[in-house]
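Visitor: Position chains B and C relative to chain A; hints supplied.
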Amino acid sequence: MTGTTTATAPVTKRDRVGWGDLAWLTWRRHRWGVLALTAAVGVVVALALGVAWRVEATGGAGELFGRWSYVSVAYVLVVAPMTIGLAIGVFWAAPLLSREYEQRTHVVAWSQDLTATRWLTGMVVLLGVPALVLSVGVGLALITLMNSVNAVMPDRAPFVPMEMPAFEATPLSQVAYASFGFALGLALSALTRRTVLSMGLTLGVFLAVRIVVSGLWRPYFQQPLRMVEPYQALGESSGGPPADAWVVNSGFSDAAGSEMPYPRQCTDIQDNRDYATCMVDHDVHYFSEYHPADRLVPFQLYEFAIYAVLAAALFALAFTWVRRARRV
Amino acid sequence: MSTAVEAGDGAVAVRARGLGKRYRAKWALRECAFELPAGRVAALVGANGAGKTTLMSVLAGLLGADEGSASAAGRVAFVSQDKPVYRHFSVADMLRFGARLNVVWDEARARRWLARFEIPLDRACGKLSGGMQAQVAFALAIGSRPDVLLLDEPLANLDPLARREVTAELLGEVAETGMTVLLSTHVVAELSGVADYLLLLAHGRLLAGGDLDELLGGHVSYTGPRSDVPPALGEVVEARHTATQSTFLVRLPEGRPRPVVAGPWVERPPTLEDYVLAQLEATRKGIRA
Amino acid sequence: MEFRIDRSSGLPAYLQLVRQVREALRLGWLGPGDRLPTVRDVVARSGVNANTVLKAYRELELSGLVEARQGAGTFVKAGLGSTDPQVMAALRARLAEWVREAREAGLEIEDIDALVRSVLGEGEGVSVR
Numbered sequence: 001m002t003g004t005t006t007a008t009a010p011v012t013k014r015d016r017v018g019w020g021d022l023a024w025l026t027w028r029r030h031r032w033g034v035l036a037l038t039a040a041v042g043v044v045v046a047l048a049l050g051v052a053w054r055v056e057a058t059g060g061a062g063e064l065f066g067r068w069s070y071v072s073v074a075y076v077l078v079v080a081p082m083t084i085g086l087a088i089g090v091f092w093a094a095p096l097l098s099r100e101y102e103q104r105t106h107v108v109a110w111s112q113d114l115t116a117t118r119w120l121t122g123m124v125v126l127l128g129v130p131a132l133v134l135s136v137g138v139g140l141a142l143i144t145l146m147n148s149v150n151a152v153m154p155d156r157a158p159f160v161p162m163e164m165p166a167f168e169a170t171p172l173s174q175v176a177y178a179s180f181g182f183a184l185g186l187a188l189s190a191l192t193r194r195t196v197l198s199m200g201l202t203l204g205v206f207l208a209v210r211i212v213v214s215g216l217w218r219p220y221f222q223q224p225l226r227m228v229e230p231y232q233a234l235g236e237s238s239g240g241p242p243a244d245a246w247v248v249n250s251g252f253s254d255a256a257g258s259e260m261p262y263p264r265q266c267t268d269i270q271d272n273r274d275y276a277t278c279m280v281d282h283d284v285h286y287f288s289e290y291h292p293a294d295r296l297v298p299f300q301l302y303e304f305a306i307y308a309v310l311a312a313a314l315f316a317l318a319f320t321w322v323r324r325a326r327r328v
Numbered sequence: 329m330s331t332a333v334e335a336g337d338g339a340v341a342v343r344a345r346g347l348g349k350r351y352r353a354k355w356a357l358r359e360c361a362f363e364l365p366a367g368r369v370a371a372l373v374g375a376n377g378a379g380k381t382t383l384m385s386v387l388a389g390l391l392g393a394d395e396g397s398a399s400a401a402g403r404v405a406f407v408s409q410d411k412p413v414y415r416h417f418s419v420a421d422m423l424r425f426g427a428r429l430n431v432v433w434d435e436a437r438a439r440r441w442l443a444r445f446e447i448p449l450d451r452a453c454g455k456l457s458g459g460m461q462a463q464v465a466f467a468l469a470i471g472s473r474p475d476v477l478l479l480d481e482p483l484a485n486l487d488p489l490a491r492r493e494v495t496a497e498l499l500g501e502v503a504e505t506g507m508t509v510l511l512s513t514h515v516v517a518e519l520s521g522v523a524d525y526l527l528l529l530a531h532g533r534l535l536a537g538g539d540l541d542e543l544l545g546g547h548v549s550y551t552g553p554r555s556d557v558p559p560a561l562g563e564v565v566e567a568r569h570t571a572t573q574s575t576f577l578v579r580l581p582e583g584r585p586r587p588v589v590a591g592p593w594v595e596r597p598p599t600l601e602d603y604v605l606a607q608l609e610a611t612r613k614g615i616r617a
Numbered sequence: 618m619e620f621r622i623d624r625s626s627g628l629p630a631y632l633q634l635v636r637q638v639r640e641a642l643r644l645g646w647l648g649p650g651d652r653l654p655t656v657r658d659v660v661a662r663s664g665v666n667a668n669t670v671l672k673a674y675r676e677l678e679l680s681g682l683v684e685a686r687q688g689a690g691t692f693v694k695a696g697l698g699s700t701d702p703q704v705m706a707a708l709r710a711r712l713a714e715w716v717r718e719a720r721e722a723g724l725e726i727e728d729i730d731a732l733v734r735s736v737l738g739e740g741e742g743v744s745v746r
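Residue numbers (my numbering), protein chains in the order written: chain A, 1 to 328; chain B, 329 to 617; chain C, 618 to 746.
There's no promise every hint is true.
[Unchecked claim] A partial selection of chain B residues facing chain A, derived with a Cβ cut-off under 7 Å:
| # | residue |
| --- | --- |
| 1 | W355 |
| 2 | L391 |
| 3 | S408 |
[Said to hold, decoys possible] Covered, in the sense of this in silico footprint (three residues per stretch, anywhere, with C-beta under 8 Å from a C-beta of chain B), are these stretches of chain A:
| # | stretch |
| --- | --- |
| 4 | 12 to 26 |
| 5 | 112 to 121 |
| 6 | 284 to 297 |
Because the hints were derived from the structure by calculation, they are not lab data.
Idealized CB from N, CA, C, for every residue including glycine.
Okay, chain A solo, but in the shape it has when bound (with noise of 0.2 Å):
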């Protein structure tokens, strides 16, 4: 009888489908957008360490080559750990429900002996903690070369660490913007069922909320401090606030300190002499409202927050969402 020719061949039996299996599938699954960010993270990390040790070997930010200066290289440079949270939400877990809804391969997946959820919980981690990885890699990096740069230019340091290249670098943020990015992929991903929708709209609402929360909300965490000097101390290097405060607002204003228009009657003074005498004459103040360093740590992690809240909730959502999905 034929049927006992398939007695002799090896069944194999587990009690459950294990992490390194998931492994596998992650891996066999998305390889090459998982080795498409890492080489570029690699790539930039290798420019980043390079260009660090230049500036401490040289002891100077200035040369390279024609118009490219080491300073220039790593003002380029830093724009990388503000966009591979981006990067992460983008083309790491915006593909990673909706590619499968789209082939109807979630239907393989899960009609195999693991769940809905704990394959996208297998999902989530293998993808996710690489992410966190490159992100605070991508930053450690960018801190170094910023603080190289920093370490020979110090009159005058590029670099602040409340301002936005060297705040969004440290390990908290990365942590936060890809975390977020990763979740609102996913999210999006779930709701859309669509690869190229949830990749679009991934990208637009991620910049969207980065703007709110980083550019329009965080200079207003905590309430700035407020500096009225004279005008004629703007001129001089002792005036102002601190070099390493944070300047998120300055302008013209009375002895007060309330904000006045620019007068108008020095405007077509072209002696500066005879224009300063003006501003003074007309008691112009010069204010500055600012965060002093010190406030580095707190709005750290106050953003940290806004993003983990958001990130959970996201998360928290695809999960839902795929778990009762309404259709298959």
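Guide: The following block gives chains B and C in isolation, referenced to the frame of chain A:
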């Protein structure tokens, strides 16, 4: 061999109780209750849109029920109608996938199926024809050695020869492994001898369910001269009339001897198709009324 | 032996198998001691459900025509040639004559079939067995 098939005697492989599933306001499945005995090859029959795919998806665990419950004894494998595969995976990768994602995996059985249908292992699934992709999907399901195999329109998009071969191979696997099969189809003509159990679905409700031979054996088709009533006692499922002739499909009263009809009436056993079409027709009339 | 299922027939598939075995016995294609094909073989070659084959074999076993031997298969126990071959031949000749007459009278095969069924139906309640 027979022991393998009969091992599940008395056990229930798939059970649905008051099962309901709705899409927004529309119920795709309602008050669906049945017990499919283990080791059977059951046909889930109904018109398009009757709720077959919904029932399959709920049984496969891909959709949650809105009412009632569904349960299957043991491990369930599901091959959906579109028979999806990972397009960038090679056929060998699909086997690895099956081995990785199932707690039981019978590599030899899956490979035998692929070899039987001459599917190259090194080809990317996306480069295979639709029919070949279907064979990969079947091999995956067979290799996972399920206790319950759910097949949604398994023969759709296969050519006639492949339909016959797949049916025969599938029934061979059933004979060897003793698994329970529930297959949905709207091509009733191909079911005779293939299925031994019937679940008839219309408009999301279960019209009939039970052993195929018993269901059909309880019905007779009478053909004779034009008449308003059939020549023997029983519930008329369907009556068709022409100017000179009448045909009745009658459900015989239970527990009584088979009636003897004489004279101009010819009786014959109804085919599965007669039975199914008559039942579906009856509900359609019922809904219109 | 080779089984085939007529899917357009209302006769349950297992009864079709039973009938085919009985016919084979009657026509002498199968005799006592012969082994029936295994369930797996029938399934693979004729595309019928294993349960159907088992049901047919059980039916044959109950009617005393075959016996299942543990682990060896199912074997024919008794023949079905009880009618005298000469009588059979005579009956067949008369039927052939009758069919020829019917054809000459313009009856199609279906008409003949209907006529035969109606006559058979007069004699017994169950026309199919």
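Visitor: Which of the listed hints are broken here?
Guide: Going through the list in order, the structure violates hints 1, 6 and respects the others.
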